[in-house]
Every structure is written in structure tokens, then in C-alpha cells.
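Protein chains: 2
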Amino acid sequence: MTINYSNGKKYTPLTTTPKKLTSLKKMSHSKRGMSLEDDLNDSNRYYLAHNIAVVHKKPTPIKIVKVKYPSRSQALITEAYFSQASTTDYNGVFKGKYIDFEAKETTSSTAFPLKNIHEHQLKHMLQVHEQSGIAFVIIRFTNLSSTYLLDIKQLHYYWQRMLNDGRKSIALKEIEATGHPIILGYHPRVDYIQVIKNVYHL
Amino acid sequence: MTINYSNGKKYTPLTTTPKKLTSLKKMSHSKRGMSLEDDLNDSNRYYLAHNIAVVHKKPTPIKIVKVKYPSRSQALITEAYFSQASTTDYNGVFKGKYIDFEAKETTSSTAFPLKNIHEHQLKHMLQVHEQSGIAFVIIRFTNLSSTYLLDIKQLHYYWQRMLNDGRKSIALKEIEATGHPIILGYHPRVDYIQVIKNVYHL
Numbered sequence: 002m003t004i005n006y007s008n009g010k011k012y013t014p015l016t017t018t019p020k021k022l023t024s025l026k027k028m029s030h031s032k033r034g035m036s037l038e039d040d041l042n043d044s045n046r047y048y049l050a051h052n053i054a055v056v057h058k059k060p061t062p063i064k065i066v067k068v069k070y071p072s073r074s075q076a077l078i079t080e081a082y083f084s085q086a087s088t089t090d091y092n093g094v095f096k097g098k099y100i101d102f103e104a105k106e107t108t109s110s111t112a113f114p115l116k117n118i119h120e121h122q123l124k125h126m127l128q129v130h131e132q133s134g135i136a137f138v139i140i141r142f143t144n145l146s147s148t149y150l151l152d153i154k155q156l157h158y159y160w161q162r163m164l165n166d167g168r169k170s171i172a173l174k175e176i177e178a179t180g181h182p183i184i185l186g187y188h189p190r191v192d193y194i195q196v197i198k199n200v201y202h203l
Numbered sequence: 002m003t004i005n006y007s008n009g010k011k012y013t014p015l016t017t018t019p020k021k022l023t024s025l026k027k028m029s030h031s032k033r034g035m036s037l038e039d040d041l042n043d044s045n046r047y048y049l050a051h052n053i054a055v056v057h058k059k060p061t062p063i064k065i066v067k068v069k070y071p072s073r074s075q076a077l078i079t080e081a082y083f084s085q086a087s088t089t090d091y092n093g094v095f096k097g098k099y100i101d102f103e104a105k106e107t108t109s110s111t112a113f114p115l116k117n118i119h120e121h122q123l124k125h126m127l128q129v130h131e132q133s134g135i136a137f138v139i140i141r142f143t144n145l146s147s148t149y150l151l152d153i154k155q156l157h158y159y160w161q162r163m164l165n166d167g168r169k170s171i172a173l174k175e176i177e178a179t180g181h182p183i184i185l186g187y188h189p190r191v192d193y194i195q196v197i198k199n200v201y202h203l
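For the record, the sequence lines run as chains A and B. Here the numbering used here is used: position 191 in the first sequence is 192, and no number is missing along the way. Here the numbering used here is used: position 103 in the second sequence is 104, and no number is missing along the way.
Worth flagging that the hints you see were computed from the coordinates, not collected in a lab. Among these hints, one or two may not hold up.
Heads up, simulated DSSO-like pairs for lysine-lysine below, C-alpha to C-alpha not over 30 angstroms straight-line [as the list claims (entries may be wrong)]:
#1 B/Lys169 - B/Lys58
#2 A/Lys105 - B/Lys64
#3 B/Lys116 - A/Lys69
#4 A/Lys58 - A/Lys169
#5 B/Lys58 - A/Lys58
#6 B/Lys198 - A/Lys124
Go ahead and model the full structure; you've got the sequences and the hints to work with.
Here you go:
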């Protein structure tokens with residue numbers, strides 16, 4: 002299904018219907034949904050089609066070592082490696098404001114391990130915050146089907162705590178207290194823009 | 002040379018000194034500088050180190066077809082192709098505002114060919130503009146050593162003209178009249194943020 006808007010934009014929801022899903026075997030209740038990345042990409046396409054926000058996932062950074070040219074038309078990469086991202090995965094604009102975030106899932110039901118965030122990503126989000134941009138992480142507890150937005154200032158607090166006393170994760174209770182729940186729906190599936198509006202008063 | 006700032010950030014200017022450059026053979030006057038991309042990356046590192054702006058070049062989008070795992074530690078990509086970017090090359094934040102741009106060089110001394118910009122990039126910049134973000138192109142005439150910032154609204158005007166009367170380029174004179182010159186310096190080499198401040202009143 003593709004929705005054509007009068008402004009020439011299109012929005013194609015992913016075709017994973019509940020009917021299809023139930024036909025898949027060995028699928029636990031908590032995994033009926035798509036991955037957080039799928040949900041975010043779908044939500045971002047919804048925002049784009051409805052002129053709500055322009056947010057894209059950045060391409061995966063790859064270090065190219067060898068390229069061949071078997072035909073004139075297309076270069077063939079024959080040796081390349083994944084390289085570490087120097088920033089976060091998502092950024093874009095909402096009402097003129099710069100927004101920037103990293104999205105992570107955990108199978109833990111009690112805490113979010115901080116090893117999911119790289120130090121350079123934390124630094125990048127702090128730089129964005131210093132520049133008055135909006136920076137946060139979206140954390141999903143897959144087994145609980147719950148998703149939260151946690152501002153960079155809070156994340157930074159827990160990161161500092163790790164450096165001070167070695168505590169390497171954020172307890173779910175702490176995320177419930179200092180983060181903001183994102184309600185899951187259909188269109189968009191992960192309406193984080195709604196949460197941003199409230200949290201950052203936009 | 003690396004400059005260490007008290008805030009823990011570093012700024013390493015590219016080590017292409019005039020001395021080095023003059024030792025290179027067959028280098029015309031106009032090509033003594035680095036490429037526009039090198040200049041922009043250097044300028045963005047300068048902005049980052051001085052807390053002026055946070056702007057990064059996005060990774061090149063690549064479609065991965067085959068991956069091998071010769072060792073546990075590292076995945077080896079053995080077949081991949083360059084894929085077309087759906088957005089622009091650069092985006093980031095300045096004073097909380099979202100900025101987004103594409104950078105292009107031309108060897109023409111009289112006009113900028115519009116084929117340098119892809120239609121989806123134009124659309125993306127229009128979407129950013131609708132969302133109150135700042136979108137523009139940076140155009141360098143390499144043989145003239147001159148660089149301009151052209152706002153998306155102007156670019157859109159010339160694009161529409163192309164669709165109407167088939168004129169496939171923007172004359173240098175038009176860019177001089179409707180764009181904004183970017184003075185080239187040392188640190189930063191391409192001070193486009195200074196131009197943004199004036200043009201968009203930030």
C-alpha cells in the first residue's frame with residue numbers, strides 16, 4: 002500500500018500486517034513487533050510524508066579498501082570493512098530545531114547496559130547539547146515492549162556515575178523516573194516527536 | 002600539529018603547508034588549495050574544536066551484498082556497490098538551528114551546471130526548508146578560486162527555470178547576484194558559518 006499525497010510525497014507503511022505476523026512460527030509475544038530500527042524508519046517516513054519532521058538514518062560508515070570496475074557503468078567494491086560511527090545514527094530537523102539521537106534495544110528486563118553506547122557517541126551528543134541542539138537516546142526493552150526517550154543530560158549523569166563507582170547500567174526504575182515513555186502505535190509506530198514536543202516545549 | 006583545548010577537544014589542521022604544495026609539480030594556481038570536501042571537513046573540525054558548530058559529512062551510502070567472516074573479530078565485505086544518496090552530504094547544528102547542505106565544485110568559469118544536483122537532493126533541501134531548517138548549496142568555481150553559498154529558495158528558482166525553458170545551468174553572474182561569497186582563509190578555510198550568521202540573521 003502506498004499513500005500518495007497531493008504534495009507529491011509518498012508514504013508506504015511496511016507491509017507487516019498482524020495476519021502475516023501470526024503466521025510466523027516461534028515468535029514470542031514480545032517480538033511480534035519489528036525491530037526498533039524498522040519502527041523508527043517507518044515513523045520517519047510517516048513524519049516526512051506528513052511534513053511533521055525530516056529525520057533520516059545515516060548510512061553505515063564503511064572503509065573501502067579495493068574497488069574494481071568490471072563495467073563502465075558501475076564500480077564494484079571487493080574489499081571493505083565496517084568502521085566505527087563517529088556520531089549517532091539519526092539526525093534531522095523538527096520546527097527548525099536540530100535533533101540528534103541514538104537508538105538501542107536491550108533484552109534485559111531490569112536495566113540498560115551502558116556498553117550499548119560508545120564514548121564518542123556520548124561526546125557527540127554532548128557537543129550537540131552545547132550547541133543548543135536536542136540530543137537523546139531511545140531505549141527499548143524488547144522483552145517488556147516498552148520504549149523510552151532519555152535526554153543526553155540524564156545519560157551523561159549515569160555515564161559519570163559509571164566512571165565514579167563502576168555501575169555499568171541504568172536500572173529500568175531509573176529510566177522510568179528520569180526518562181519519558183514513548184507510546185507505541187500504528188502510524189507512526191514510535192511517536193517520539195510527540196514526546197519531544199512535550200519534553201522540550203516545542 | 003594538534004591543538005589540544007582545555008575542554009579536552011582536539012583540532013588537527015591538515016598538514017598541507019604552502020611549502021609542501023609548491024613542491025608538487027604540474028599544479029596550476031587555481032588548484033593549489035585542497036578540494037572543497039577537504040576544505041569543508043577541515044572547517045568542520047575547526048568549528049567543532051571551537052564550539053562554534055557541530056557539522057559532519059555523512060558516510061557514503063553503500064549497498065552491501067556479500068560479507069565474509071574470515072576471523073571472529075572482523076567482518077569482511079567482499080561485494081558491495083555505491084548507492085545513490087537520498088539526502089545531502091552535510092548536516093548539523095549551529096546555535097540550535099538545523100543546517101543542511103550539499104557542496105559541489107565545477108571547472109566551468111561561467112556557469113554552474115544543474116546536473117551536479119540530484120532531484121532527490123533538491124527535494125530533501127525543500128523539505129528541510131519547509132521544516133524551518135536552513136538549507137543551501139556551497140558551489141565552488143575551482144578555476145576561479147571562488148566559492149558561494151546559494152540558498153535552497155534560489156536553487157529552486159533556477160531548477161524551476163530549467164524545467165520551464167530548458168536552461169540547464171546557473172550563470173556565474175546570477176550566482177554572484179543571488180548567492181553569497183564565502184571568503185577563503187586558513188582557520189577555518191571555508192568560513193560558511195560566518196556567511197550563515199549574516200544571511201539568516203543568527
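The hints, checked one at a time:
Proposed proximity of B/Lys169 and B/Lys58 is supported: the alpha carbons are some 27 angstroms apart, at most 30 angstroms. Only pairs whose Cα atoms come within 30 angstroms are accepted, and A/Lys105 paired with B/Lys64 is accepted, the gap being roughly 23 angstroms. Proximity of B/Lys116 to A/Lys69 is assessed by CA-CA distance (about 26 angstroms); at most 30 angstroms being required, the pair is judged to hold. Restraint check: the Cα-Cα separation between A/Lys58 and A/Lys169 comes to about 27 angstroms, which is no more than 30 angstroms; the hinted pair holds.
With a C-alpha separation of about 13 angstroms, the suggested pairing of B/Lys58 with A/Lys58 holds against the 30 angstroms cut-off. Only pairs whose Cα atoms come within 30 angstroms are accepted, and B/Lys198 paired with A/Lys124 is accepted, the gap being roughly 25 angstroms.
Hint violations for this structure: none, all hints satisfied.
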